[in-house]
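Novice: Whole structure, please, built from the sequences with the hints as guidance.
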Amino acid sequence: MSGANASLDRRLHLKSGRAARYEAMFEIRTFEDRVQAMFFEGLVHGTTHTCQGQEAVSVGIAAAARPTDSVTCTYRGHGHALALGMPPLTVLAEIMGRRIGSVGGLGGSMHLCDTSVGLLPTFAIVGAGIPVAAGAALTAQVKGTDGAAIAIFGDGAANIGAFHEGLNLAAIWNLPAVFICENNQYGEYSAIHLTTPVENIADRAASYGIPGEVVDGQDVDTVEAAVSVALARARAGEGPTLLEMKTYRYAGHSRADTAPYRPEGEFDRWYERDPINTYRRRLIEDGEMTEEEAEQIEARVAARIAEAEAEASAADQATVEDMFTNIHAP
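Numbering follows this note's numbering, with no gaps: position 91 of the sequence shown is 78.
Don't read these hints as lab results, they were simulated from the structure. Since no wrong hints were added, every one of them can be taken at face value.
Straight-line distance between alpha carbons at most 25 Å, and here's what the computed DMTMM-like set of lysine to aspartate or glutamate pairs gives:
no. : residue 1 : residue 2
1   : K2        : D133
2   : K2        : E200
3   : K233      : D20
4   : K233      : D190
5   : K2        : E282
6   : K2        : E280
7   : K233      : E200
Specialist: Here is the structure:
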């Protein structure tokens, strides 16, 4: 499936229960593992930034938000796109530069978009989505809708001007916005303690007179609950919130980065609380999913990703001429 209806159907399924949340996280992990492998196989050109380990953040946000809310995020956006509802085919085809991709194969990995579920074009520039989300929130405010805007960005973006300007403006104008820092412990190749003088980025919310909260980004239920509260505040006219999701990036920054800069044992400590493995155990222990049902979900996801890859591989490549199809000149 592809198109707006498919995206909305997938988003509706995500909201159907906790087993659907597990399926969405497993889909992101499977998708990202395959994209990473495809790059080394020469099937994906350019660059890729995958999000293995951060799945609970993507799925928790999507479960809390409405399709009519505006969402901006970074170049590490595959997981957010899938969680918000974009079908694997349209995302993978875009990454592969195929015409059936979400923006015709012209944007690639870093420029995904599906406005039917609120995803504005993802940004390759660090922190660039923060002021855009503030603008989307202003639009909702001026039009008098109950819509909200969500800006998702990395910990590195919390040290640039757009972060401070965006939050300051949102606070002054009391905009219906939620700013979500996806703190995966590294800004490119630098550990956060080497670039940021405060332990918690959420503490910076006090500078703007808005609520700030540190959230366990390894727990999808906790993420969903925190985002739901922040969105309720925004819709009620109570202004913006800054949420800091503490999570971890399993892969390197991009492409062939093997992350040799990590301290020994760090990965293992984070993997002990892997968001997918821990949620799988929890649902089985809570009686919401059996081992057999989990395996069926996993098999279904694997088949879905394989089918998407086969269809995307058979689709036409975007051409240089295609770049000019939506350009208008007098």
